[in-house]
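From first to last, the protein sequence lines stand for chains A and B. Residues in the first sequence are numbered consecutively from 93, following the working numbering. Residues in the second sequence are numbered consecutively from 347, following the working numbering.
Rather than coming from a laboratory, the hints here were simulated on the basis of the structure. Treat the hints with care, as some may be off.
Here are the simulated DSS-like pairs of lysine-lysine, each with C-alpha atoms no more than 25 Å apart in a straight line [to be verified]:
{"no.": "1", "chain 1": "B", "residue 1": "K594", "chain 2": "A", "residue 2": "K318"}
{"no.": "2", "chain 1": "A", "residue 1": "K374", "chain 2": "B", "residue 2": "K676"}
{"no.": "3", "chain 1": "A", "residue 1": "K292", "chain 2": "B", "residue 2": "K1035"}
{"no.": "4", "chain 1": "B", "residue 1": "K1035", "chain 2": "A", "residue 2": "K277"}
{"no.": "5", "chain 1": "B", "residue 1": "K1034", "chain 2": "A", "residue 2": "K292"}
{"no.": "6", "chain 1": "B", "residue 1": "K676", "chain 2": "A", "residue 2": "K277"}
{"no.": "7", "chain 1": "B", "residue 1": "K628", "chain 2": "A", "residue 2": "K329"}
{"no.": "8", "chain 1": "B", "residue 1": "K622", "chain 2": "A", "residue 2": "K329"}
{"no.": "9", "chain 1": "B", "residue 1": "K622", "chain 2": "A", "residue 2": "K328"}
{"no.": "10", "chain 1": "A", "residue 1": "K328", "chain 2": "B", "residue 2": "K664"}
{"no.": "11", "chain 1": "B", "residue 1": "K820", "chain 2": "A", "residue 2": "K374"}
{"no.": "12", "chain 1": "B", "residue 1": "K1035", "chain 2": "A", "residue 2": "K329"}
{"no.": "13", "chain 1": "A", "residue 1": "K342", "chain 2": "B", "residue 2": "K1035"}
{"no.": "14", "chain 1": "A", "residue 1": "K292", "chain 2": "B", "residue 2": "K628"}
{"no.": "15", "chain 1": "A", "residue 1": "K328", "chain 2": "B", "residue 2": "K616"}
{"no.": "16", "chain 1": "A", "residue 1": "K374", "chain 2": "B", "residue 2": "K998"}
{"no.": "17", "chain 1": "A", "residue 1": "K328", "chain 2": "B", "residue 2": "K628"}
{"no.": "18", "chain 1": "B", "residue 1": "K594", "chain 2": "A", "residue 2": "K292"}
{"no.": "19", "chain 1": "B", "residue 1": "K616", "chain 2": "A", "residue 2": "K279"}
{"no.": "20", "chain 1": "A", "residue 1": "K318", "chain 2": "B", "residue 2": "K1034"}
{"no.": "21", "chain 1": "A", "residue 1": "K329", "chain 2": "B", "residue 2": "K594"}
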Amino acid sequence: MVAPAALRVVRCGGRAMHGARAVFSVGARFLLCASGDFVKMYSVATEELVQLLRGHSDLVTGVQLAPHNRLQLYSSSLDGTIKLWDFTDGILIKTFTVGYQLLALYALPSSEDSVFVIIPKSGERDTFQLVSVKLTKAAGQDMEAKELSVVLEGVDASPKCTAFGREGEYVASVKDVNLQVYFFKQKQLNRFSLRATNKKGGNNVFTCVACHPQEDCIATGHADGKIRLWRNFNHKKEYTFSTLHWHHDKVLDLAFSLEGTSLLSGGVESVLVQWHCGSDCKRDFLPRLGSAIEYVSISSDGTFYCTSHTDNRITIINSNLRFSKTIQGLIKARDVKTGLVVDPRTKALVLNGEPGHLQFYCLQSDKQLYSLDIVQQEYIHQAGLNQSDLVRVAFSAQGKWLATVEEREETDLELQLKLWFFDEETQSFKLNTRISMPHEDHITAMCFRDTDEMEDDSLMLVTTGRDCVFKVWVILEDTDPEAQQSLSWSCDFVGSYHSYQATNCCFSEDGSLLAVSFEETVTVWDSSTWDLKCTFCHPPGKISGMECSPQRRRSAT
Amino acid sequence: MGEFEVHRVRFFGLVPAGVRCMAYQHNGRRLALARTDGAVEVYNFAANYYMEKAIPGHQTRSVEALCWAAGERLFGAGLSGDITEYDLERLRPARAVDGFGGPIWSMAANNDGTRLAIGCEDGSVKLFQVVPGGGVQFEKNLDRQKGRVLCLSWHPSGTHLAAGSIDFIRVLDVHSGRTAQRIMVNCHVPKSKKRECVVWSIAFLSSGTVISSDSFGRVQFWDWERGTLQDSHTVSSSAALSLAVSEKEDSIVVGTSAGATYQFQLLPVKAGGQEKRWVRTKPFQHHTHDVRAVVHTPTALISGGLDAQLVIRPLMEKVQKKGYDAALRKFTLPHRRLVSCARKARLLLFQFSQHLELWRLGSTNKTGKDGETLPLSRMPEHLLQLKSKGPEHIYCSCVSPCGSWIAYSTASRFHLYRVQHEGDSISVKKVPGVPKLLLPAYQLQCASDSGRLFIASDRGSVHVVQLLEPGGCKHLHTLRPPAGTREAVYLLASSADGNWLAAVSGDWEVHVYSLKHFKHHCTVPTYSCAVTALAIHPTTNNLFISYSDQQLFEFSIPEKQYTAWSRAVQNSGLHKLWLERDSPITHIAFNPKNTSQVLLHDVYMLCVLDKSLPCPQPLPDDSAVLVNQSTLKQLSEPARRRQLHAFKICKKFQPLLFADLLDERCLVTVERPALDISAQLPPPVQQKKFGT
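Could you put the whole structure together from the sequences, leaning on the hints where they help?
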């Protein structure tokens, strides 16, 4: 036998796709984005994953097309290497070892053989510098790239906070309330600073920067939602700026269109705003993009825009602001209250997704299959607002029924138990029964009677609550011919034990016995007569989990 | 500073008139401003933005346009159809010439100030020659088209004129008088919402670009020769009312009816490139109502609105160093004294544009601690309202210290009233046989024994009139400066013993006359700034003068020289924070019991200057603070003693129109809260605000 090697974790999916700005290939056929340790290439037309470029051993932080060969791609990573790929074939061409953590990567057509990266300044914590790295042309797969020259000191670590201007003439970088512009030819560094707050309660902290592709104009986004367009910044004193304001909160990213005739901005409002930079300050909106826009990028021919969202989604948008495609990864919910559940039908992983939604995530293809709106209420992006959230989910054995519990805690607790029926025609779950306040207090556990052979009428759902009872719910056939639905759920039995809080429940494999734990005690009930069979005591401490073993009718606690 | 019982008067219902138009004279650094009531004011920027001249308004004389021409001559034109030249020495309209084109909406002077163009109601544009001696002479009519001409601008070369009307702009050739180009401004508006587009303001640049601002809130840049639109910026959803170009033609300022002003700059598209573009840069929101007039000086943007505010906003990048010139300034209240106080009778006389109000102060019989509000045993009482007859506005007014004489003057009349107090009832009788004097009177001052009235007149003269019981008067003498001057006297001060009179004329000369012999006594050494207030000390007969650059001088009349204290202050210099105050001192009073205390006030503070204490030394690093009284009170005893200085400043009463000492324990302050003024104004343009 081979001795077991040291445990190695392979990150195979679910990574955030918003590590860096996504990049369109020439002709906008493919979209390249950093996802965890990989670079993923999606087809713009079919939104399918076409190529997976693996090779980095840490998070990929920057993806840029090689300026001189548009079929090649540079990627930078926290592992301190820049890799050059032939992305259509998925071949790693070269690896340049820089030796510092690389936080952002910029490649310019004007600078031959060198790229710009942001690295931490050695010896100082939380200070970063923008350096240019000379990439040697010598043959060989692995190269050392140690020729670094510092361009700007004290830049922000975020790749959004640095941008290169028209034809690489200057670089603009923002940090806190300072904007610095460095002109390469004149070797001149101009610094501009704003007051941190103004009298009207604005917050002038810079959040992002973009440079006009053809004019001397820098757009900066601010924490209070303003966008400033800076001009004349080659003068230290006679610089000037104008202000655009639509966002009500942080501007998260900015991008100029190809000719610089319009400016795209995105923020937490999940609205893409297109500002027409011409004389009249007109703007267009693409609202309801789902979640906060983290990055905005534009294809090199200007036909597509692409927004990366905080919920791990990439949206491809036509240049006339029509929604085109979406690529959805695993959503990182704020709090996975449901735990991980497997859908028996699709074998997808089911967990909290967007607020109030249940996401079905396919582990094999690292893609979200679909998202089911459970709460069916508008989610309001505002801090400190209590909104309904999904807390429990359970599937029946074949995945025909889905039970969900949502709760909202204001002064009183609002609970809803919903039972969903899988509709074969539409291939999705349909709400069958909605039960308000199934328990008086939080529901702690929920399970279906997992019986493969039995018919629908023997299907049962048990819920346990902190109000010291467990409830058994069964399907009732509606006899009324007028009613549209023939099936509905109702409560069949309420059991309790010495007014202890019910914490867990599970059925035996054949479904004849139900085990319910009440704090320190396990009670076993006959599922046909609902008699208390026996109790087991488990001192000391409360029972936190329980599972019935399949063969031996034994319960592990 | 000692404690005072303060009469906090807030019943002076003054509403300053809105700003209608402005004109800036670059050489003299003077700004002429016309208000909606027809009053014209001249601000001297070299003398710390002091309101140097004020010509009161006239009911029938509205001023729609002002311009400086031929050096320092000021012309105005209005809806009465006349072009008026203002006599800035005698502070009154000098000559008026009828334009014969109906109401005049606009007027512009060419670059060398030799010609005036007016735009009339009937659609004609007329040229007038500025006659060197005075007045204007009709030169010619330019091509007339229907529609009132609301704005005019000369091409800097003087060959063409741009005129804005309703829906179109015309460019006129001055030589031939023909219309060279006619541009429709509302052809880009969709047909469905076509309404008339009023071109409110226009500017003609030397490059041939015509800039217009219109009632759709647009600022548009036109090529006049081709008649094509180069650029259009929508700055407001309401109208863009006013427009001004800098001298270098690289920056413009636009005022809108929403109270905002915007700056546009001509900036290079690429660094070092030739191509330039107008870019909207900075918005400013200093007004609440229509910004009817804007001016672009080399270092500042100046705007005046219907909310009566004059705002001077310096351009930071043009100002060399931070300091006095870099501060934002707002003027709402006039730099003139509109309140006079009868100390003995405890009466206040308020001067409005066309009437006077006499009030008796309330009184209390309680005493209390510092900061307490005392209950009134008698409410302040509105005794009298005197309406001036005729359309002219009041120049000046005064009440005698005993409260039994009231005098006021308009441009052509002088009125003197005898007020009889009989218990609670009051009766007013006009004094007959008022001597025929040269009018108008620019300032009135009663002697402290109420026996004489001093009337400031033009050419530096002061008339002395004896007030006779029980209601008569006699002209005693006319005092004239020995060298003679053309400027009118605008400030007067008389001594308590009735021996001395000081008079300041418009050339800032201070003359002291002896009233015993009706003779010129001496002249205070000239100082290069405007006098804002002066007073003669009741016991020492020292003349206390404040200048618009915030300097203070004390001049001993008997010794004809500055006092030792004044020299000491000048040697050490005043504190930086004192010198950087915004508004001039408008009134000086003395404490009758404590000879070293002087009461000074401006709009934002009240100061008791104690000459017995050391002046705060201006430190080289300017770090010393000029601690005011409320902070001083919180300090510990030794710290307070260390911080003790001569300037005891109180900022509790704001904005302050008037402050005076009734006696050594009793102070009267007249405030006009800004909220009360804005409550009198019509509601501003409704604006949608996020989150409401």
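Results for each hint:
1. K594(B) x K318(A): Violated, at roughly 31 Å.
2. K374(A) x K676(B): With a Cα-Cα distance of about 33 Å, the restraint between K374(A) and K676(B) is violated, given a limit of 25 Å.
3. K292(A) x K1035(B): holds (13 Å)
4. K1035(B) x K277(A): violated (45 Å)
5. K1034(B) x K292(A): holds (16 Å)
6. K676(B) x K277(A): Violated, at about 44 Å.
7. K628(B) x K329(A): holds (15 Å)
8. K622(B) x K329(A): holds (19 Å)
9. K622(B) x K328(A): Distance of about 19 Å is within 25 Å: holds.
10. K328(A) x K664(B): At roughly 12 Å apart (the allowed maximum being 25 Å), K664(B) and K328(A) satisfy the hint.
11. K820(B) x K374(A): With Cα atoms ~73 Å apart, K820(B) and K374(A) exceed 25 Å; violated.
12. K1035(B) x K329(A): Roughly 33 Å between the alpha carbons, so the hint for K1035(B) and K329(A) is violated.
13. K342(A) x K1035(B): The given pair, whose Cα atoms are some 18 Å apart, holds under the 25 Å limit.
14. K292(A) x K628(B): The hint holds at about 16 Å.
15. K328(A) x K616(B): Holds: K328(A) and K616(B) sit about 16 Å apart, inside 25 Å.
16. K374(A) x K998(B): violated (47 Å)
17. K328(A) x K628(B): holds (17 Å)
18. K594(B) x K292(A): violated (33 Å)
19. K616(B) x K279(A): holds (17 Å)
20. K318(A) x K1034(B): Between K318(A) and K1034(B) the Cα gap is close to 17 Å, so the pair holds against 25 Å.
21. K329(A) x K594(B): Judged against 25 Å, a Cα distance of about 18 Å means the pair holds.
Hint compliance for this structure: hints 1, 2, 4, 6, 11, 12, 16 and 18 are not met, and every other hint is.
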